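Protein chains: 2
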Amino acid sequence: MRIVLIHSGGLDSTVLLYKLRADGHEVRCLGVDYGQRHRRELDAGQAICHDLGVEYRIADLRGLRPLLAGSALTDDVPVPDGHYTDETMKATIVPNRNMIMLSAAIGWAVSLRYDAVAYAAHAGDHTIYPDCRPAFVEAVRSAARLCDWRPIELITPFVDQAKADIVRIGAGLGVPFERTWSCYKGGQVHCGTCGTCVERREAFEKAGLADPTVYSGQ
Amino acid sequence: MRIVLIHSGGLDSTVLLYKLRADGHEVRCLGVDYGQRHRRELDAGQAICHDLGVEYRIADLRGLRPLLAGSALTDDVPVPDGHYTDETMKATIVPNRNMIMLSAAIGWAVSLRYDAVAYAAHAGDHTIYPDCRPAFVEAVRSAARLCDWRPIELITPFVDQAKADIVRIGAGLGVPFERTWSCYKGGQVHCGTCGTCVERREAFEKAGLADPTVYSGQ
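Here the protein sequences line up with chains H and Y, keeping their order. Going by my numbering, the letters in the first sequence line up with residues 1 to 218, in that order. Going by my numbering, the letters in the second sequence line up with residues 219 to 436, in that order.
In short, the hints are calculated from the structure, not lab data. All of these numbers come straight from a predicted model, not from anything done at the bench. Any given hint could turn out to be false.
Over the 12 Å line for every Cβ pair with chain Y, so calculated as not near, a few chain H residues [unchecked claim]:
{"#": "1", "residue": "Arg39"}
{"#": "2", "residue": "Ser111"}
{"#": "3", "residue": "Leu112"}
{"#": "4", "residue": "Tyr129"}
{"#": "5", "residue": "Leu146"}
{"#": "6", "residue": "Asp148"}
{"#": "7", "residue": "Pro176"}
{"#": "8", "residue": "Arg179"}
{"#": "9", "residue": "Gly187"}
{"#": "10", "residue": "Val189"}
{"#": "11", "residue": "Leu209"}
Only part of the chain Y face toward chain H is listed, based on derived beta-carbon distances under 7 Å [what the hints assert, rightly or not]:
{"#": "12", "residue": "Leu282"}
{"#": "13", "residue": "Leu285"}
{"#": "14", "residue": "His301"}
{"#": "15", "residue": "Pro313"}
{"#": "16", "residue": "Met317"}
{"#": "17", "residue": "Ala322"}
{"#": "18", "residue": "Ser329"}
{"#": "19", "residue": "Pro352"}
{"#": "20", "residue": "Ala353"}
{"#": "21", "residue": "Val355"}
{"#": "22", "residue": "Leu364"}
{"#": "23", "residue": "Trp367"}
{"#": "24", "residue": "Leu427"}
{"#": "25", "residue": "Thr431"}
{"#": "26", "residue": "Tyr433"}
Yeah, the Cβ is synthetic: ideal placement off N, Cα and C, and Gly gets one too.
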């Protein structure tokens, strides 16, 4: 199949990129600039795709930022430290982010006459992010099949998998984990204490694999 | 209810604005700048809302234009003349436009803690625009209920109605039709020959009402 992959520069979407290519698909990647606090993840996405010779484009959605106020990922609100599933992590929700990203990616797929859009929502996201829930994904899948005269499929193989499973799959595919960027803050290295850093560390521990990430203070 | 209305400055969404207010709802309007060829419809939307004292914001989606190539509404492709339902009108499809617009409007509604998003898709749109079909609207409705921890409703009262019905409803509500803008071209007055002008003229004829629109060449 010919697939547009939403690629954040993070661990999950990078593993999915390697998996789709290993499965024989033709892939183009789309990063999304929604006015996040830093560009580390976009730079990571670009570098990873460059190494593979995969096209990487950025959907520039900064124009929506005035409408989508109140998230610690875009506004002058502190990024919370703690566990990924803590209630405090709801400060990192960007209103309707996934539908916005998916609709842009589906639009690009229609324009390219591609067959599908892939994204790497996984089970660990559901507790905090409403728009990672399987029922939400199913609804968008239905919409993607109807938005054009040619249906666009939605490929979400990790939606019921834990992040540790994704790490295991990635290790088997030779994913350069050290090149991926998860941290919500934008330092020189991963902070190690924000929700997504805590989740990343845990995933390697649970997978029983060495974590090549450099965390602040190590 | 408190409702974000996608308001194009055209006839259908202006009638819906008047209807929602007549039904007692609190409404804010969202125009969408997707890099269309002209700003006549955005200017019309702004003026109509200004007269009513309704907030009007523009979702700036011009950053997506490089990804959504090939439409006569955005690119250097001629706007076809003819009937709205002609096969040639498919040149005016912007890839996945409605999902992109709806997802931005839903994001704003989540951010405002509003209850619903309304848009004025109607039965006449279905033959050309895949993303006006009732099944598509249903899929987005499901997604909108799940995209946040608070469900957002999707209000589409015209989805099974003909444009002549909408004209009749608008006449009853005192809608200033002459202030709305439908034409795909961006002239001083409506061209009268593009698909959406033809559909507009027909709607007034079928409704048996005088058309206050000034068309080119009259």
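Hints, one by one, checked against the model:
1. A cut-off of 12 Å between C-beta atoms confirms that Arg39 of chain H is not in contact with chain Y; the least separation is 15 Å.
2. Not every beta carbon of chain Y lies more than 12 Å from that of Ser111 of chain H, the smallest distance being close to 5 Å; the non-interface claim is violated.
3. Distance to chain Y contradicts Leu112 of chain H as a non-interface residue, since its nearest Cβ pair spans about 9 Å, not more than 12 Å.
4. For Tyr129 of chain H, the requirement that its beta carbon stay farther than 12 Å from each beta carbon of chain Y is not met, with the minimum near 10 Å.
5. Non-interface call for Leu146 of chain H relative to chain Y: violated, since the shortest CB-CB distance, roughly 4 Å, does not exceed 12 Å.
6. Its beta-carbon lying about 5 Å from the closest one in chain Y, Asp148 of chain H breaks the requirement of being farther than 12 Å from that chain.
7. Here Pro176 of chain H stays apart from chain Y, with its beta-carbon at least about 27 Å from theirs, past the 12 Å limit.
8. The claim that Arg179 of chain H is not at the interface with chain Y holds, since no C-beta of that chain comes within 12 Å of its own (minimum 25 Å).
9. Its beta-carbon lying about 27 Å from the closest one in chain Y, Gly187 of chain H satisfies the requirement of being farther than 12 Å from that chain.
10. Every CB of chain Y is more than 12 Å from the CB of Val189 of chain H (nearest about 30 Å), matching its label as outside the interface.
11. The beta carbon of Leu209 of chain H is kept farther than 12 Å from every beta carbon of chain Y, the shortest such distance being approximately 33 Å.
12. Taking 7 Å as the C-beta cut-off, the interface hint given for Leu282 of chain Y holds, the closest approach to chain H being about 6 Å.
13. Hint status for Leu285 of chain Y relative to chain H: holds, with the closest Cβ pair at about 4 Å, below 7 Å.
14. Look at His301 of chain Y: its Cβ only gets to about 19 Å from chain H, farther than 7 Å, so that hint breaks.
15. Because the beta carbon of Pro313 of chain Y sits about 4 Å from the nearest beta carbon in chain H, less than 7 Å, this interface hint is met.
16. A cut of 7 Å between beta carbons decides the hint on Met317 of chain Y: the least distance to chain H is about 4 Å, and the hint holds.
17. This hint holds: Ala322 of chain Y has a C-beta 6 Å from the nearest C-beta of chain H, less than the 7 Å allowed.
18. Because the smallest distance between the Cβ of Ser329 of chain Y and any Cβ of chain H comes to about 5 Å, under 7 Å, the interface hint for this residue holds.
19. For Pro352 of chain Y, the interface hint is violated, the least distance from its beta-carbon to any beta-carbon of chain H being 10 Å, above 7 Å.
20. The beta carbon of Ala353 of chain Y is positioned within 7 Å of a beta carbon in chain H (closest approach about 5 Å), and the interface hint is therefore held.
21. Interface restraint check: Val355 of chain Y against chain H, minimum CB-CB distance 9 Å, threshold 7 Å, status violated.
22. The interface hint given for Leu364 of chain Y is met, as the beta carbon of that residue sits about 4 Å from the closest beta carbon of chain H, less than 7 Å.
23. Because the closest C-beta pair between Trp367 of chain Y and chain H is about 5 Å apart, less than 7 Å, the hint holds.
24. Proximity of Leu427 of chain Y to chain H is violated relative to the hint, the smallest CB-CB distance being about 33 Å (cut-off 7 Å).
25. The restraint placing Thr431 of chain Y at the interface with chain H is violated, with a minimum CB-CB distance near 31 Å, outside the 7 Å limit.
26. For Tyr433 of chain Y, the interface hint is violated, the least distance from its beta-carbon to any beta-carbon of chain H being 31 Å, above 7 Å.
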